[in-house]
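Trainee: If you read the protein sequences in the order shown, they are chains A and B. My numbering numbers the first residue of the first sequence as 1 and each following residue consecutively. My numbering numbers the first residue of the second sequence as 1 and each following residue consecutively.
Hints listed in this document are in silico derivations from the structure and should not be mistaken for laboratory results. Hints should not be assumed to be uniformly reliable.
In silico DSBU-like pairs for lysine-lysine, Cα to Cα no more than 35 Å straight-line [as the list claims (entries may be wrong)]:
1. B:K297 x A:K126
2. A:K133 x A:K219
3. A:K128 x B:K63
4. B:K63 x A:K126
5. B:K146 x A:K133
6. B:K73 x A:K208
The structure presented is a predicted model; accordingly, all values stated were derived computationally and were not measured.
Listed below are the residues making up each chain.
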Amino acid sequence: MSIISKLKKHRKGRLDMRSSTARQSSRSFLGNLLLGIVLFLLGFLFLFPVIYMINQALKPLNEMYMFPPKLFVQNPTVNNFRDLSRILANTLVPFSRYLFNSLFVVIIGSIGHILTASMCAYPLAKYKFPGSKFISALIVYSLMFNATVTMVPNFITISRLHLIDSYWAIIFPQFASTLGLYLMMNFMEQIPDSLIEAARIDGAGQFKIHIRIVLPLVKPAAITAFILVFQSLWINTGDRYIYTEKLKSVAYMLSQLAGASNVGVARAGVLAAASVIIFIIPVTVFLIMQTNVISTMATSGMKE
Amino acid sequence: MRKLKITLREMKRNRVLYLMMLPFLIFFFTFAVYPVLQAIYYSFTDYNILEAPNFIGLENYRKLFLEDTIFIKAIQNTFIIAVFVGPLGYILSYLLAWMINELPHWLGTILTVIFYAPSMAGNSIMIFALIFSNDSTGYLNGILLKYGFISERILWLSDSSYILPVVILVSVWMSLGVGFLSFVAGIKGVDEAQYEAAAIDGIRNRWQELWYVTLPNMKPQLLFGAVMSITNALSVGGVADALVGFPSPNYASHTIVNHLNDYGLIRMEMGRASAIAVILFFIMILCNLLFRKFLSKVGT
Numbered sequence: 001m002s003i004i005s006k007l008k009k010h011r012k013g014r015l016d017m018r019s020s021t022a023r024q025s026s027r028s029f030l031g032n033l034l035l036g037i038v039l040f041l042l043g044f045l046f047l048f049p050v051i052y053m054i055n056q057a058l059k060p061l062n063e064m065y066m067f068p069p070k071l072f073v074q075n076p077t078v079n080n081f082r083d084l085s086r087i088l089a090n091t092l093v094p095f096s097r098y099l100f101n102s103l104f105v106v107i108i109g110s111i112g113h114i115l116t117a118s119m120c121a122y123p124l125a126k127y128k129f130p131g132s133k134f135i136s137a138l139i140v141y142s143l144m145f146n147a148t149v150t151m152v153p154n155f156i157t158i159s160r161l162h163l164i165d166s167y168w169a170i171i172f173p174q175f176a177s178t179l180g181l182y183l184m185m186n187f188m189e190q191i192p193d194s195l196i197e198a199a200r201i202d203g204a205g206q207f208k209i210h211i212r213i214v215l216p217l218v219k220p221a222a223i224t225a226f227i228l229v230f231q232s233l234w235i236n237t238g239d240r241y242i243y244t245e246k247l248k249s250v251a252y253m254l255s256q257l258a259g260a261s262n263v264g265v266a267r268a269g270v271l272a273a274a275s276v277i278i279f280i281i282p283v284t285v286f287l288i289m290q291t292n293v294i295s296t297m298a299t300s301g302m303k304e
Numbered sequence: 001m002r003k004l005k006i007t008l009r010e011m012k013r014n015r016v017l018y019l020m021m022l023p024f025l026i027f028f029f030t031f032a033v034y035p036v037l038q039a040i041y042y043s044f045t046d047y048n049i050l051e052a053p054n055f056i057g058l059e060n061y062r063k064l065f066l067e068d069t070i071f072i073k074a075i076q077n078t079f080i081i082a083v084f085v086g087p088l089g090y091i092l093s094y095l096l097a098w099m100i101n102e103l104p105h106w107l108g109t110i111l112t113v114i115f116y117a118p119s120m121a122g123n124s125i126m127i128f129a130l131i132f133s134n135d136s137t138g139y140l141n142g143i144l145l146k147y148g149f150i151s152e153r154i155l156w157l158s159d160s161s162y163i164l165p166v167v168i169l170v171s172v173w174m175s176l177g178v179g180f181l182s183f184v185a186g187i188k189g190v191d192e193a194q195y196e197a198a199a200i201d202g203i204r205n206r207w208q209e210l211w212y213v214t215l216p217n218m219k220p221q222l223l224f225g226a227v228m229s230i231t232n233a234l235s236v237g238g239v240a241d242a243l244v245g246f247p248s249p250n251y252a253s254h255t256i257v258n259h260l261n262d263y264g265l266i267r268m269e270m271g272r273a274s275a276i277a278v279i280l281f282f283i284m285i286l287c288n289l290l291f292r293k294f295l296s297k298v299g300t
């Protein structure tokens, strides 16, 4: 594919230029330092909830209910995590089974969603055809309808399709989410038409153009969409649709730790540890993915 | 007739594109469009989820606007919250993304994660209950008392004149979401050559650069961020629930979404809840259209 090598050369040239030319209004080192400090202070403020969550997990029980409450832990302990692992070792269904369920739903769900959604976003972003305007509008406006009232019709649909008590009851509705699609669509609009035109002249079909040119160019958006869908599938307990214990997810299992009352004092420490575990997975994925976004600089130098 | 023929020919010419869209659209229509249409139908019915819906025309809407004074209060509260949370959250997201872009890449990555991480931490909202606690030992009361700004503790979460500001503050605090991520990615995509060209054309400072180069180049992301901001700002409800409980004292922070959940999840009047959802839907569309008008002026 000559167009791809052309594309790569073009991008490489642009990258070289980027590093060699300094912008006129570039800030001094001191300015950067100041900016960094301001941002870190702000970051600390925003990170407050996370700091609280982690400290809470490290507190012994007497400190958790201390009055007046303290943000930072005084005598950190890993007891909460030890208790959690003891519980996990004695579950009705082995923990590995819950983990498998979660991984299946998250992996199939996110990859499937990104593929189908990006394949729908590309024609809508770059072409005009009968119905394109209408579908775009539907996609944007579907983001604005409150989910509480669509819950009942959705349940009826899923049960009529005989999907109750299966992974697909969680995965399929996620395929229909439009947030990631809308994000990718917005980024695809910025790809120059000439690039796609050139690929078509070279004889590439639309599917090929999508996979080899369009999708790599909107990598930052695709990765962001991936993180969104990953996060929402990971925390989805599926308690409305899945009744068989061995099909349930990690999120569901951990949410059950609180017991029936949901405010159990005895399990409060375990629960705090569980919420850290639930949080750590998507944040790690986010960190890895985000490192990737920044190193791609996808659309730079691709504008007309 | 001729028009139809042209349309059909166009459709045939683009059949590959339709084929590409098909897998998504099947799921989209089944799990997103159909339920919405169904909910719109429910809004004209008396529906308690257990019995079949019973068509009653515009009765739900009439009751909401003419008899339900709490709903009117909810609309007012929602607008007050949205007017602050929407623009503040939007501008904050943008400014942070812009500043992050000025830093070296590795530092930017860490900061992006720091700013977005709270959105991933589940029920972390409890920290705000500690900060704004009514007790004199709550963080805010404690600090204000210690340094003598106040002589008596303030009932942040019970005094109806403080509830709304507290809810607004916490909502802004938590508003860095997907809009922020799209800004971070979008700013990176602005072509460096444009800045060079702009410098030659006489752009003097960063602010001019922002208005004439960066912003116009990011219109798709700006629009995306705005749709997110508008939707989130008008859907505030969970924050108040978690902080002051439901219903809020004197309905001080009762929003449209609170009202909707009240009818949909507690009173099991799905018809009325659907009518509220439809009204909220149209408010959001209206705000969205207004923003599009504004966006067309950026960079001029």
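Trainee: Does each hint fit the structure? Answer for all of them.
Mentor: Going down the list of hints, with the structure as the test:
1. B:K297 x A:K126: Holds - the C-alpha atoms of K126 of chain A and K297 of chain B are around 23 Å apart, at most 35 Å.
2. A:K133 x A:K219: holds (24 Å)
3. A:K128 x B:K63: Measuring from Cα to Cα gives roughly 43 Å; hence the hint is violated.
4. B:K63 x A:K126: Violated, at roughly 45 Å.
5. B:K146 x A:K133: At roughly 60 Å apart (the allowed maximum being 35 Å), K133 of chain A and K146 of chain B break the hint.
6. B:K73 x A:K208: Violated, because 54 Å separates the two Cα atoms, which is more than 35 Å.
In this structure, the hints that do not hold are numbers 3, 4, 5 and 6, in rising order.
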